[in-house]
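Asker: Chain A is fixed; fit chain B onto it per the hints.
Heads up: the protein sequence lines correspond to chains A and B, in order.
For this note's numbering, add 382 to where a residue sits in the first sequence, where the first one is 1.
For this note's numbering, add 382 to where a residue sits in the second sequence, where the first one is 1.
Incorrect hints may have been included.
One copy or two, it doesn't matter: identical chains are merged, so the pair holds either way.
Straight line, CA to CA, 20 Å or less: simulated EDC-like cross-link-like pairs of lysine to aspartate or glutamate [to be verified]: (1) Lys594 with Glu476; (2) Lys607 with Glu476; (3) Lys612 with Glu719; (4) Lys607 with Asp706; (5) Lys659 with Asp508; (6) Lys708 with Glu488; (7) Lys612 with Glu709; (8) Lys687 with Glu641; (9) Lys734 with Asp691; (10) Lys612 with Asp706; (11) Lys484 with Glu496; (12) Lys491 with Asp691; (13) Lys607 with Glu554; (14) Lys708 with Asp613; (15) Lys491 with Glu667; (16) Lys413 with Asp691; (17) Lys648 with Asp508; (18) Lys648 with Glu526; (19) Lys491 with Glu652; (20) Lys687 with Asp414; (21) Lys413 with Glu641; (22) Lys473 with Glu486.
FYI, nobody ran anything at the bench for these hints, they're computed from the structure.
What follows is the residue order along each chain.
Protein chains: 2
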Amino acid sequence: MHKKLFIPGPTEVAPDVLQKMATPMIGHRSKDASALQREISEKMRKVFHTTNPILLSTSSGSGLMEGSIRSLTAKRAVVFSVGAFGNRWFKMAEANNVSADKVESEWGKPTTPEMVDKALATGKYDVFTVTHNETSTGIMNPVEEIAEVRKKYPEVLWLVDSVSSMAGAKIEVDKLGIDVCITSTQKALALPPGMAICSVTPRALEHGKQVKHRGWYLDILEIYKYIETKDYQYSATPSLSHMFALNYQLDRILAEGLENRYARHKAMAEYTRAWAKNNFALYPEEKYASVTLTTITNTRNISVKALNDGLAKVGMQISNGYGDLKEKTFRIAHMGELTMTDVKEVIAAIEKILPTLG
Amino acid sequence: MHKKLFIPGPTEVAPDVLQKMATPMIGHRSKDASALQREISEKMRKVFHTTNPILLSTSSGSGLMEGSIRSLTAKRAVVFSVGAFGNRWFKMAEANNVSADKVESEWGKPTTPEMVDKALATGKYDVFTVTHNETSTGIMNPVEEIAEVRKKYPEVLWLVDSVSSMAGAKIEVDKLGIDVCITSTQKALALPPGMAICSVTPRALEHGKQVKHRGWYLDILEIYKYIETKDYQYSATPSLSHMFALNYQLDRILAEGLENRYARHKAMAEYTRAWAKNNFALYPEEKYASVTLTTITNTRNISVKALNDGLAKVGMQISNGYGDLKEKTFRIAHMGELTMTDVKEVIAAIEKILPTLG
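Just chain A, same shape as in the assembly (with noise of 0.2 Å):
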């Protein structure tokens, strides 16, 4: 029996975006695969709110992360990470001996525009990068307020992991001034994984020449090359089963209309923490509470695991905690395909199911 997903990645996958994976095979240096990445390209920038190149990597979401801060960082990268995946950006500096520095915030706590500004003022930073959506946590950092505050600091750099938020909550890349904005496409895109993408700012391009070694696969400069001489394509041989899904998608996703999306995310999202307060409670600040899940404190000290297992019977899935956060919290996805009617079937099976817990 399938499970019907509510963890932040892999989503739900509608039928028929499904079917586009099986899609018969092109060759990948053909013009039919040109026009493939240049019709995705020109929708995803509806999705980023962006003018900027879009780039497609066969990797996940980390490929890209990793990818942006080592081709980019020509001095040295401070990292503000509210969770595992903060983390594990700053990880990834280190292991590509990138001079970096991590600003991390107590858990469950945001990236806090003061914090931005207080490392920015050393002078020390050609880039930095901020968690969108930490999935650990649940926490969605406060973009917006953090972009006034780099306007005193616009030459440097300005990455974001937007993996677990993008097409979910508005994030308008041109108007923030992100220079790389990255995601992945089994989260709120709701596609299956396999395929990272990124927009990136043609100074941040420029910016990076400076680096001497970035790489191959991952390398930003790399991967734009084969964009800008090639004719949208790219620098080996894509994932073109993502490619036919994800252009497809693109049309379900505008079809939907961004704004009616987003707002599709916020009432999933506020119905959720609605129940998590009455019943358990917010594991993130509430104010910074993630649009496309939320992470539950386990205040009643249930067995999540036995939680997840009566669900399983009755064809559900949801997460346990992250890491060191396992058993003390659980996540309840509400992203991508999911609709208000899947959020109040989860939890109407997981009312029913908390009392045989003890």
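Answerer: Just chain B, lined up with the frame of chain A:
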């Protein structure tokens, strides 16, 4: 109209295999995901003729080429190149600040055991790389002879690019003593592009511990860690669609029988080569001609582009020459799902078009 692909990847994918790409999603940290990767690994070990661990990477074959030379070279690597993909391996070493030398054969000629002996005798290297099958020139290197001479240097790690030959040609990884053998899905395995696969020896994993900056997403040791400690899982979110299809396709490959599969590829290669010699000329030295694709010298100075345009009209596609060899050579791939019937069909179509090219 779908064009039947006689190009060296992506290759044709059987309809039932394509359909597996449309399998609904599961959680990538689930027991089902572990079981899926374990099954793939067990079957893949048969294809690789190895008992070594099998790693999956959501990337193209280039991803694991870069990952292996970077994360396993502690001293200095020597890259034996017989064409574009050998040169790419060397470029990757440079882009990652990995100390490396390149020994390049004249295009159309193989890497000889003598070349390997001479380089390794210097004692300068802890890693050497060989391209088993070079899709630019159509060379298949004599890995059995190289394995013989390599016995003099057992401590040097041997990395092999078998991206465009594994499952089409017999490569006995353990018998040959290959430390890392790399392939990807879109060639003789006959799946859509998007996933790379390699085998790795425990001693190579141990050796890599000396390398300080191995990166993260493509780091061989990091990928292995999740197999070992997380029961056959992946460091990031993998392309589950490819895993579903790969698991199914491996059953089909093993049902055909590996020896039958090798014989089928050999027969297709012999037929194509004979035709090429009668009508044009073979580009590679015949003794080292590939069994998965034939690179043909355009001795009649036809327009390869016009030939391919003609083939497109009857629903087929071959490859022009690679890079500088464009129009000077053309390539007919005969691998994966293709059979002798298909090869006869494309050659008959080419013969019909040739007189019209003037």
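Asker: Need the list of violated hint numbers for this structure, in ascending order.
Answerer: Violated hints: 3, 5, 8, 12, 13, 17, 21; rest satisfied.
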